[in-house]
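**Student:** For this one, chain E is given, so just place chain S on it according to the hints.
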Amino acid sequence: MPDNPGMTRRRLVGLGAATLATASLSDILMSQAQAATTGAIEGIGYFARFGVTDQMIRQALSAALSKGGDRADVFFQHRINHYLVLEDGSVNRAFTNVELGVGVRVVRGDQTGYGFTEDLTAAALKQAALTAAAIADGPAREGPKELRLDRGLPSRYPVKVRWEDVRPNQKLPLLTGLNEKTFAGSPLIKKVNVSFSDQSGAILIADSSGRIVEDFQPMTSISLSCVAEKDGKRESNGYNVAARADMSYYSPERLDRMVREAVSRTTILFDAVVPPAGEMPVVLGAGASGILLHEAIGHGMEADFNRKGISIFSDKIGKSVAKPFVNIVDEGEKPAARGSINVDDEGNAVGTTHLVKDGILTTYLHDSISAKHYGVGPTGNGRRESYQYAPIPRMRATYMLPGPHKKDEIIASVKKGIFCTNFTNGQVQIGAGDFTFYVKNGYMIEDGKLTRPIKDVNIIGNGPKILEKIDMVADDLVIDEGGWTCGKDGQMCPVSQGIPTVRVASITVGGRGAKA
Amino acid sequence: MAKDKMLETTELCVKTALAKGAQEAGARGYRVRDIEVKWRDGKLEKIQEATTRGVGLQLYVDGRYASVSSSDLRPDALETFIADSVVMTRTLAKDPFRTLPDPALYKGQAAVDLKLDDPKYAVVTPDDRLRLVKEMEAAARDVKGAEAILSVTTTFNDSLSETFRVHSNGFSGSRRDTAFWVGAEVNVKDPDGRKPEDYSYAGSRFWAEIPAAAEQGRIAASRALSRLGSKKGDSAVLSMAIDNRAAGRMIGFLMGPLSGASLQQKRSFYEGKTGSTVGSPLLTITDDPLIPKGFGSRLFDGEGIAAKSMPVFDAGVLKSFYIDTYYGKKLKMAPTTGGASNLVIKLGAKSQPGILADMKDGILVTGFLGGNSNGTTGDFSLGVQGFRIRGGKIAEPISEMNISGNHLEFWKKLSAVGNDPYPYSTIRVPTLVFEGVQFAGN
Chain E
1 MPDNPGMTRR RLVGLGAATL ATASLSDILM SQAQAATTGA IEGIGYFARF
51 GVTDQMIRQA LSAALSKGGD RADVFFQHRI NHYLVLEDGS VNRAFTNVEL
101 GVGVRVVRGD QTGYGFTEDL TAAALKQAAL TAAAIADGPA REGPKELRLD
151 RGLPSRYPVK VRWEDVRPNQ KLPLLTGLNE KTFAGSPLIK KVNVSFSDQS
201 GAILIADSSG RIVEDFQPMT SISLSCVAEK DGKRESNGYN VAARADMSYY
251 SPERLDRMVR EAVSRTTILF DAVVPPAGEM PVVLGAGASG ILLHEAIGHG
301 MEADFNRKGI SIFSDKIGKS VAKPFVNIVD EGEKPAARGS INVDDEGNAV
351 GTTHLVKDGI LTTYLHDSIS AKHYGVGPTG NGRRESYQYA PIPRMRATYM
401 LPGPHKKDEI IASVKKGIFC TNFTNGQVQI GAGDFTFYVK NGYMIEDGKL
451 TRPIKDVNII GNGPKILEKI DMVADDLVID EGGWTCGKDG QMCPVSQGIP
501 TVRVASITVG GRGAKA
Chain S
1 MAKDKMLETT ELCVKTALAK GAQEAGARGY RVRDIEVKWR DGKLEKIQEA
51 TTRGVGLQLY VDGRYASVSS SDLRPDALET FIADSVVMTR TLAKDPFRTL
101 PDPALYKGQA AVDLKLDDPK YAVVTPDDRL RLVKEMEAAA RDVKGAEAIL
151 SVTTTFNDSL SETFRVHSNG FSGSRRDTAF WVGAEVNVKD PDGRKPEDYS
201 YAGSRFWAEI PAAAEQGRIA ASRALSRLGS KKGDSAVLSM AIDNRAAGRM
251 IGFLMGPLSG ASLQQKRSFY EGKTGSTVGS PLLTITDDPL IPKGFGSRLF
301 DGEGIAAKSM PVFDAGVLKS FYIDTYYGKK LKMAPTTGGA SNLVIKLGAK
351 SQPGILADMK DGILVTGFLG GNSNGTTGDF SLGVQGFRIR GGKIAEPISE
401 MNISGNHLEF WKKLSAVGND PYPYSTIRVP TLVFEGVQFA GN
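Line by line, the protein sequences are chains E and S.
For the first sequence, the numbering used here assigns the number 1 to the initial residue and increments by one for each residue that follows.
For the second sequence, the numbering used here assigns the number 1 to the initial residue and increments by one for each residue that follows.
One chain only, chain E, in its complex shape (with noise of 0.2 Å):
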């Protein structure tokens, strides 16, 4: 168990912080991904190889409910995780994660029983299986007399060459590349590196019902960072993106762009102030800034914690939480963004949920146990890490509509404040919906101009207050290209984010420096 548990912490991070410095991925398993479907059946196409059967899901099912459970799921699972490493101007190291297992998942009311194993014998799958039953204590309830493959889900990240077929020869340019670009984009930098990663494999899921589902969900990130040095001091800094995409997703305009960012946005430390410490108006910079709305607002309209009364935001849907030209999604559908599934891993459709709605708090993110809960359909939010999880409510993208005003008018209307563009990362208290998020780069506004840059500053706000206070939106929405990912209850999922320009009349800034 960790050093700091529990479910009252909610974290998010981008790709380049330290807490994906250990994991371990890179290329292979070309045979076993590649090899024959033979014994293939309707609905286990992939997982055909590795012996599952019809019949043996059908089985596990049964002996899920054989204490009684509403209801029971299976979810198969295999991931090849595959990194590169670039460091001192060669990839010298790879790192290959090979995921396969399978989770059984019984659901009586709100209370889950959860098994999982990574032997993919029916044997092994139906102790799972009696393991999660024992959630419930009634009488056996039949399992699904045939599975029924379904067919409908859209296709919202279309590779034309797989993962698998990728050979490691053919990424290590994109490494040596930005190396080489970075250093020649200024003469202050020292150090770069360079970790690329690719994702491919499959999940299919099987429930009572008799529904199968199989999706394939691609991932690729880079993410780039640097040392510079000047004076006899010392700034590091980078840049990362993310996408469900195949290697076409590189395009020299993108490399240029995370060469241009990372090295501007290291070099700017240099000549970086310390921020005032205390409360004032804050402007966030279209894109990344969407972080705040993944902690004020997105993890406290999470189902699992309103079905339970302990968010902030339980008692609240309804009525008015923001200006009426605050518009607030979450939804799943975006062509290769990060936080995009075809389908969620409870099997639900994914499509576009809004949390806010002319300024109303309208829908909460649901899984199906929360849906049943409050009596309305599932929202597609139900996800997990791995099939070593149960699912839970999870964001996938969340994001502020376009507003009214400009990003100048907002940045003028501001005589003395902050304007943020960069962040690591953020974190909510869902019942006290205290909030943080952290900047890396900035600037100053004085006067109604950006002035001097600033750095490493915390923000600290309270999720339903801060929400009344954005009193500006602009019209130029971006979803973030960086690769985040989010921490809830000890499971790490994909997520993306994005907000227009917008200014919050006031919050506080946890610098070191003097108020005006």
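Among these hints, one or two may not hold up.
[Unchecked claim] One-sided and incomplete, this derived list gives chain E residues near chain S with beta-carbon spacing under 7 Å: (1) Q127; (2) T131; (3) I312.
[Stated by the list, open to error] 20 Å max Cα-Cα, derived DMTMM-like pairs, lysine to aspartate or glutamate: (4) S:K266 to E:D88; (5) S:K189 to E:D88; (6) S:K273 to S:E409; (7) S:K120 to S:D34.
[To be verified] To be clear about the criterion: a stretch of chain E counts as covered by chain S if any three or more of its residues have a C-beta under 8 Å from a C-beta of chain S, and this derived list gives those stretches: (8) 110-117; (9) 277-287; (10) 457-471.
Keep in mind that the hints were calculated from the coordinates and are not lab data.
Fair warning: this is a prediction, and the values are worked out from it, not measured in the lab.
The beta carbon of each residue, even a glycine, is placed where N, CA and C say it ideally should be.
**Tutor:** Quick look at chain S alone, frame taken from chain E:
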């Protein structure tokens, strides 16, 4: 006794890697049995039980290096996986600094029983687990002011973890450890609409020594209730005490900059400071891997290097970095160990009440919220909650505040250390007091 099947698999991984073309290889196999029971507001919320297992390999092929892992242990699949991994490793750039550790460093493991493995692990029954989670809820609901409680969630967790490490240059080690944890989380209703939460967790290596479950319920409820009416304070420079449960986060920030990787990659504000004063004379921290029943205890580290005690800070002077084999070679420094075990802080004489009485005026931080620390420059900025201290006593609760500073200045302002090390973490830190800390609030 028959050889453990996972040890056989681990040995086979090394053998296969060599057969497929690696010159050196290391492997780690693991099997973890983990059971969790979660109870919420009078009924079971969740039960989860599973045994997970997998292997990881470090491959040294023609002067190149890769690290790979898999949970697919079907023999044919594993062999193919290793063969493909060796081929993949050959596509990388050569790296002359990659080798297995010097076998001399494997020698000299301490001849002590760390008492990490409870032979009675298996005696715990489903009824035991249920009894503990119920006890915690009952205790939480029995504290004064419990009518403000919105929800109580309690958890029992037990695990048995077995790992095997085998290196082609002569290392073979295994480890078996058990752990039992009880925890409670409580949400309360504040008349102002907020629903503050707090928690308490405690654990042990031995079932017979599991901390009192009821106590966790009481602490979680009392701490959550103490948050009622909390308000943002004014921005000010004040003395700060950090309670022992929260203080580990501040020490954790020093671990990254103390690593060989940060040092070699010019990302450490401690570069060039070995032997220099970087903290107050009260700052003495030792990395001690040999504490019986410790949560970070070990006889050998992640590379197989025999574990021994290491001074990290001594009376404010920086003594050691965490140097693994790879970065040791890059830096031309002798390897120490690649990662922390148990961090033990030299204690003061006073309990927290005594320390607060001496401090007289300031803020007691009981929890951090978000924030970050820049390992390259030492700048940090963190959300905090806690209590105002007035006249040496705990006064009104504060929240939604922030502290900022720089580690190279901050640790020199350490002015008092308590006698109350936090026992349920690898960082055994007592209450700490710092002078002149910038708080941001109103």
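**Student:** Is the straight-line distance between the alpha-carbon of S:K266 and that of E:D88 20 Å or less?
**Tutor:** holds, 11 Å
**Student:** Go through the hint on E:I312 and say holds or violated, using the shortest Cβ distance to chain S against 7 Å.
**Tutor:** The hint holds - E:I312 has a Cβ within 7 Å of chain S, the shortest such distance being about 6 Å.
**Student:** Need the status of pair S:K189, E:D88: alpha-carbon distance at most 20 Å?
**Tutor:** violated, 54 Å
**Student:** Go through the hint on E:T131 and say holds or violated, using the shortest Cβ distance to chain S against 7 Å.
**Tutor:** holds, 5 Å
**Student:** Please work out if S:K120 and S:D34 have their alpha carbons no farther apart than 20 Å.
**Tutor:** This hinted pair holds, its Cα atoms lying about 15 Å apart.
**Student:** Please count how many residues of the stretch 457-471 of chain E have a CB within 8 Å of a CB from chain S and say whether that reaches 3.
**Tutor:** holds (count 7)
**Student:** Would you check whether E:Q127 satisfies its interface hint, that is, whether its CB is within less than 7 Å of any CB in chain S?
**Tutor:** At 10 Å from the nearest chain S Cβ, E:Q127 fails the 7 Å test, so the hint is violated.
**Student:** Apply the coverage criterion to the stretch 110-117 of chain E and chain S: a residue qualifies when its Cβ sits closer than 8 Å to a Cβ of the chain, and three qualifying residues are needed.
**Tutor:** This one holds; 8 residues, not fewer than the three required, reach chain S with a Cβ under 8 Å.
**Student:** Check whether the Cα positions of S:K273 and S:E409 lie no farther apart than 20 Å.
**Tutor:** holds, 14 Å
**Student:** In terms of beta carbon proximity below 8 Å, does the stretch 277-287 of chain E have 3 or more residues touching chain S?
**Tutor:** This one holds; 3 residues, not fewer than the three required, reach chain S with a Cβ under 8 Å.
The structure fails hints 1, 5 (numbered hints given earlier, in ascending order).
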